[in-house]
Amino acid sequence: MEDTLDYVGKPVPRKDGPEKVTGRARYTVDIRLPGMLVGGILRSPHPHARILNIDTSQARRLPGVKAVITAADTAGVKHGFVETPRYPADQDPLATDRVRFVGEEVAAVAATDPYVLAEALDLIRVDYEPLPAVFDPEEAMQPEAPEIHPSHPLVKEPFSNIAGKTETQWGDVELAFEMSDYVRQDRFESHLRTHGYLEPQATVASFEPGGKLRVWTSSQGPFIKRAKLARTLGLPYSAVRVSKAWVGGAFGGKIDLFSHEFCAALLSMKAGRPVRIEASREEIFTAYRHGQPLILEIKTGVKKDGTIMAQKIRTVNNCGANRGSGVVVIFLAWGFVMLPYRLPNLKYEGYAVYTNNPIRTPQRGHGAPQVRFAVESQLDMIAEELEIDPVEIRLKNARQSGERLPNGDNVHNCGLTQCIEKAAEHTRFREKYGEKYGRGRSQPPQTNEQTPSGSIRRGIGMGVSAYFGGSLIYPNSSSCVVKMGEEGGATLLTGAIDIGQGAETILSQIVAEELKIPVDEIQVIAADTETTPVDIGAWISGSAYVSGNAARVAATQVRRKLMHLAAEELGVPVEELDMAQKSVYMVRSPEKRLSYRQIVEASIRKRRGDSIIGEGHWRTMRDEPTHPSLASTKGRWSENYAFDVQVAEVEVDIQTGHARLIRAVTAHDCGFPINPLLVEGQIDGQVSMALGHAFMEELLMKDGRTLNPSWLDYRMPTAHNTAISEYIDVITEAYKKDAPYRTKEVGEGYVSAILGAIANAIYDAVGVRLVSTPFTPEKILRGLGKLT
Amino acid sequence: MKRLIELTVNGELHELAVEPQATLLDVLREQLGLTGTKEGCGTGECGSCTVLLAGRPVLSCLVLAMECQGQEVTTIEGLSVDGRLTPVQQAFQDRGAVQCGFCTPGMVLAATALLTENPRPSEAEIKKGLEGNLCRCTGYNKIIEAVKLAAESFNQK
Ligand code: FES
Ligand code: FES
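Protein chains in written order, with the numbering used here: chain H, 1 to 788; chain E, 789 to 945.
Chain H on its own, in the form it takes in the complex (with noise of 0.2 Å):
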């Protein structure tokens, strides 16, 4: 029998709607403490140079002025976003000898003021010797390029500042190549841009008596800030606890540690007060960290018919001054690359490259967008030579269900093909694609834009992306607890962060539905390191299937605990109860039945107290020790895997080269949606960051310093700059109460697919093959011939 649903699968609207809504949201720049500091940072202002001496005295002496730290104040512990026998810890919380890029933290301030502060930061002295230094990831693979650190030991190139290097093969490329029909090279670049989170990165750090460490910080996942700044500051982890502040967006700038919440938590721990250091929006811009520009060469063999024979690729990653993220970028562009279609030969390289760049950080998609980009043109540029629809190619290489991965992995159910289908369907995409619609035809505009319509040129373009749903990183694993309460209700303690994806309302609904509680009737109790249990985080795309299913199992206790009693007072079996509204009944006659007050009071006086509390746990491919290796690919890399497809239609105005984004079609196998009206949201957010991506947005930096540290500079989509968003839902899950389910990832796949379908409707509208982001008017008038 089939479970009718009641709370799953719907959508609910936000719990923490009504209190972001009238703005009781309490994030951390809310946070008020009594005697409570303001902390600030001194940066660098050199790309690279040497630190000769650091002159605090005359900061100190400042009537206000609380505490000052420099690296000599630390424990000299490094840290890194990987921490791993092969690419240990790098990064300094605060410069030691050496500063690398601008706006590297040399120093912090606590103060009684904004103003003291100010003061204070001015009146320390640092002598740099400037150093040479190099901004290009190509020109600093140069065996004669400055040494910003030393090339990886394990790399045998003869080549510079390599931070690290994956590499991998299977089947025999150059065979296969011979063997294809077609074959053909071309090398794709992307562009740094950055998160625009509207919050600013922030912390608040109170070093209470007693020697409790006590931080709010705006974050994508408490437990790791916890792992890493105890071991930054020389604390055990229990002397650390992150508690809760809602978080104002993060898109994966703000999961691993950054030196200001290093420097508040040390500052607090000299002053004896709390800290607060908040990020202004122009640090955000210059000096934390951004995503990450990879240059792509895919040289591809197909057969006659568009069969991928095999790939060849070399990847180059700009990844700044430290390894940052810039070494798991280079092994998940492999991963994104292999994903989607079958590829029986592959040979693929990649390389982080130090540069005297700000340190890279993880961005929406983590390099899918830019693969996908390159992999998706490329595959449409192949379809036209041999003359096949971009519907066609596609097609015919999907994975299907079942498949196994080169990596061993298994897709398990793979609903791409029917996301093909229905994306090329839904849209009329043969009818639109090509020489009847597209490609150089007059067309009045869709939009009531004051365009001179004879300029307008219209096209369509496919793109399709696959994303991995939770791997094994640090805490690894999530675990919950549901008890119930007196009157009926039950509460969730979930370690998850609602960073906006809304993991609370999500969780809410899963136990919600395991126990036939309503969703308002779930408190929740979330993201602290002390209160609750450990959770995975919000940033390894894992966060609705592992908390997801630790949330299950937690409810699945508690429900069997309440039938179970139930049973025993009924005097029938349990395979004769069934839950709905908050009480156990009698299938065969519902007016017997216990409500879960009642139910509660007898577990408690029966059962020598029990209030009736559960408890789950879930860990992503339960036997397997870690993560795959970042250099070989080698190890399991996820056991569920999302996969989309986005069809872009767009305007070009021939006159201007200006081109926007009308509609944007996403069909995706998300597994089971949780809440449809939570995965909207997602894949809007997702489309709206791509449109910026591919027209908008760029962060201009020449020698290490950002030309545009500002909105009115660095241009994000607003409310005029919108494109239709439409869904489709290829549904390839069940959910089964009482029994694991895989939803897939969300909230990262779909920012990607649709950036290559941008570029290959533009080439549908105007003939003009863009190989590199952004989608400037320049870059189309010259495509156009108006420019040389």
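Simulated from the structure, these hints should not be mistaken for laboratory data.
For clarity, every value in this text was computed on a predicted model and none was experimentally measured.
Keep in mind that the hints are not guaranteed to be accurate.
Computed cross-link-like contacts, DSSO-like style, restricted to lysine-lysine with a CA-CA straight-line distance of at most 30 Å [claimed, not checked]:
| id | chain 1 | residue 1 | chain 2 | residue 2 |
| --- | --- | --- | --- | --- |
| 1 | H | Lys347 | H | Lys634 |
| 2 | H | Lys606 | H | Lys561 |
| 3 | E | Lys936 | H | Lys779 |
| 4 | H | Lys10 | E | Lys936 |
| 5 | H | Lys483 | H | Lys736 |
| 6 | H | Lys634 | H | Lys78 |
Given the coordinates of chain H, assemble chain E with the ligands onto it according to the supplied hints.
Structure of chain E with the ligands alone, referenced to chain H:
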């Protein structure tokens, strides 16, 4: 040198000693503890600090507190009466127009001001009314839908 000003915030009269360079945003957040008003940039680019000054939306990070002497300010905390959400707040909640929520107070106030002035805005007018407010999470579509929905319930009253 601090100066004394009078400010009516959400219907309550306050007498405040403010620094000459303090913005209205500083005073609301730091002195009055009204942290519902957000600071996304501090330089007039994001709209998250939007409040109503004499009923008109302003960027409180660009307004000096001293200039507000004797005026009335409405912040996000002053919108809902008796814990009931306003039509705009309710529509944001129902339509999924809220994600991280950091832009939300500013958006809600900008939308409220728009609908007070123009109860039947066209889509273009809604976009115009919200153009100064950045949202990174939602891509705006659901926010625009929410404002349309709120307009309907405004007009039914
Ligand atoms: S904080 Fe005022 S506009 Fe951004
Ligand atoms: S909801 Fe996050 S910025 Fe708008």
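Here is what the structure says about each hint:
no. : hint                   : result
1   : Lys347(H) to Lys634(H) : holds (14 Å)
2   : Lys606(H) to Lys561(H) : holds (12 Å)
3   : Lys936(E) to Lys779(H) : violated (37 Å)
4   : Lys10(H) to Lys936(E)  : holds (23 Å)
5   : Lys483(H) to Lys736(H) : holds (22 Å)
6   : Lys634(H) to Lys78(H)  : holds (27 Å)
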